[in-house]
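Kindly generate the complete structure, drawing on both the sequences and the hints.
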Amino acid sequence: MSSTRTAHTPRPGSRVRRDAAHRLALLESMLRVRRFEERCVELYSAARIRGFMHLYIGEEAVAVGVNEALTGDDAVVSTYREHGHALARGVPAEAIMAEMFGKVTGCSRGRGGSMHLFDAGRRFYGGNAIVGGGLPLAAGLALADHMTGRNRVTCCFFGDGAFAEGEFHETANLAALWRLPLLLVCENNLYAMGTALERHQAQTDLALRAAGYGMVSWAVDGMDVLAVEDAARRAAEGVRAGAGPHFLEMRTYRFRAHSMYDADRYRDKAEIEHWKERDPVEGFARRLLEAKELTGKARDALEDRLAAGIDRAVEAAEQAPEEPVETLLEYVTSPVEANRS
Amino acid sequence: MTATRTRTPAPAAAAEGRTTYRDAMREAMREAMRADERVFLMGEDVGRYGGCFGVSLGLLEEFGPERIRDAPLSESAFVGAGIGAALVGMRPIVEIMTVNFSLLALDQILNNAATLLHMSGGQLEVPIVIRMTTGAGRQLAAQHSHSLEGWYAHIPGLRVLAPATVADARYMLAPALADPDPVLIFEHGSLYNVSAELPAGPGFPGIERAVVRRPGTDVSVITYGGSLPKALAAADDLAEAGISAEVVDLRSLRPLDDATLGDSVARTHRAVVVDEGWRTGSLAAEISARLTEGHFYDLDAPVERVCSAEVPIPYARALEAAALPQADTIVAAARRAVGDPAPARADTADQRPTAGRPS
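So the protein sequences, as listed, match chains F and D. Yeah, the first sequence ends on 341 if you go by the UniProt record's numbering, and it's all consecutive. Yeah, the second sequence ends on 359 if you go by the UniProt record's numbering, and it's all consecutive.
Don't read these hints as lab results, they were simulated from the structure. Cβ atoms here follow ideal geometry from the backbone N, Cα and C, with glycine treated the same way. Worth double-checking, as some hints may not be accurate.
[To be verified] Computed, partial: chain D to chain F, Cβ under 8 Å:
id: 1; residue: Asn111
id: 2; residue: His144
id: 3; residue: Asp181
[Said to hold, decoys possible] What the simulated footprint calls covered on chain F by chain D, stretch by stretch (three residues with Cβ under 8 Å from a Cβ of chain D suffice, anywhere in the stretch; the number is not a length):
id: 4; stretch: 82-95
id: 5; stretch: 110-119
id: 6; stretch: 124-132
id: 7; stretch: 141-147
id: 8; stretch: 166-172
Below, the structure is given as structure tokens:
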């Protein structure tokens, strides 16, 4: 279901590459996220990963599809449920796994953990664990591009819960007012932690509300990676053309609990099973099998390859050194000022 | 009360002429924007209005609306936008009307500006400057008058400056902009109309150090920002009574210049800390603790504190005045510190028991 729900109708889509190789690449990218996180669950149970860990399982089509619309020059700002965004962006699995192990080779040198993955070189600006807190930051990245005439897109992911935060509304207004090159991607998984959308929003049509700020906005089937990619390409194209911020409501669902601490008492099992029938990864794999673009043998080979990659990441994280505690006070202020108290 | 009473040692260079704190701050911004096209000013009413307190008046005409950027009343969004712009090479100066309003941007200041460098393992520097008005004394009541800079000084990752003189208003901004980390500049509202001869060129002590504004031998009066003129007036009064007070201006609230404070107390053996913040959990408490930890055997008396009364700042003139540190309460505290039993009235703002106090 890719419905246009607002007065602001997106233009007909730019051409998405529709060849089989591209579809296989999308499947691989989604599967990588799925298998990576499944391994994270095992490692969490084994107490190799600690802290809060929020899984993206069920929402993979959003990160993977949106990433197709972005170039290496574009920027991404994400949330605490960002393993998928980081992997899709190209942050190495080794660096992410090591970060979750709290090792020096982690992408944030062990200072961030699961919720705070950063990779400045890939223009991946984190891992923000304050709901809505990444939005103003993303507006600033876009503002800098706007002021310096760089034609780049800043993509900010956030959840439906952020719609209850002032920072969303402040940022939406500011970005639309200044016509900032911002792609706002709302991952509406129907729950703000444990509170259902209709229990935290007076108006649950989020695209409609975003349109109220004068942004091109529409809702997308976030369980269909091709629909996501198509929408993201159209939106990013509009942003690049100078049409100001664009808003996409990705209708998706997380199959796992909010975090590893969550007993998931607030959702019906039937509801979860219903959404699992629309599994973005397995559903897409079935489509490719039926279209004979994927064979069982090729799928097995892909699984082996992904498992081997994750094995290497885990092994590397296990072997990596801890950051010496003598470095505790580093990175509080910049190195030239390292002696400041 | 003007900053001409500060008796700052004159720098070697010739004076640039007389100017106000407000004009000095504006000139600092103008100079920065002329020198570096990455610098821009963003905030509420900084452009067409000319700044809530007139600090940016005329800059829109010179630099245009892209660089003198009027923002909607969205403190979190425009402070956060400044942080984001700083991450990718800009040098934003973000103006917040008052420190009370900065609470609407506290998420961005604490959870992003102060934290991103660390949380990213050193990848993301945030070279933003955030200016805001602070302090009471203008009958603006409880939502425009507080002194919360001590809260910000609690936060690792921030540099917190409090220019108290025209020279600091003029010269602190450039090094603040050059700092790779976020810098907060607190401008006490009572200082904007202060005028003084402005030194030019050499003589600026940088932004790391506290400065002795008036040398003395009997007691160190340690203060900052809008309380500096009051402390200097108190020192004048104390001098008439034969008490030589040394007035130390912190200038930097984070990091604190422990060495200068310690040197002063090692000379005078007594200290009074004057801080317009509330006493409980205050910057004054931090300084008192540091002096006690580091200079216990130098001290001949307990460290005195003169802070604001523990009430929201009231509107009525007399009530407001009674809530704040004043020259006479500073004098009284200094007399207690030196054991001079002379006729000082009780420090009502402090409500501190006097029984059993060593004197």
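Outcome of the hint check:
no.: 1; hint: Asn111; in the structure: holds, 5 Å
no.: 2; hint: His144; in the structure: violated, 21 Å
no.: 3; hint: Asp181; in the structure: holds, 5 Å
no.: 4; hint: 82-95; in the structure: violated (count 0)
no.: 5; hint: 110-119; in the structure: holds (count 6)
no.: 6; hint: 124-132; in the structure: holds (count 5)
no.: 7; hint: 141-147; in the structure: holds (count 6)
no.: 8; hint: 166-172; in the structure: holds (count 4)
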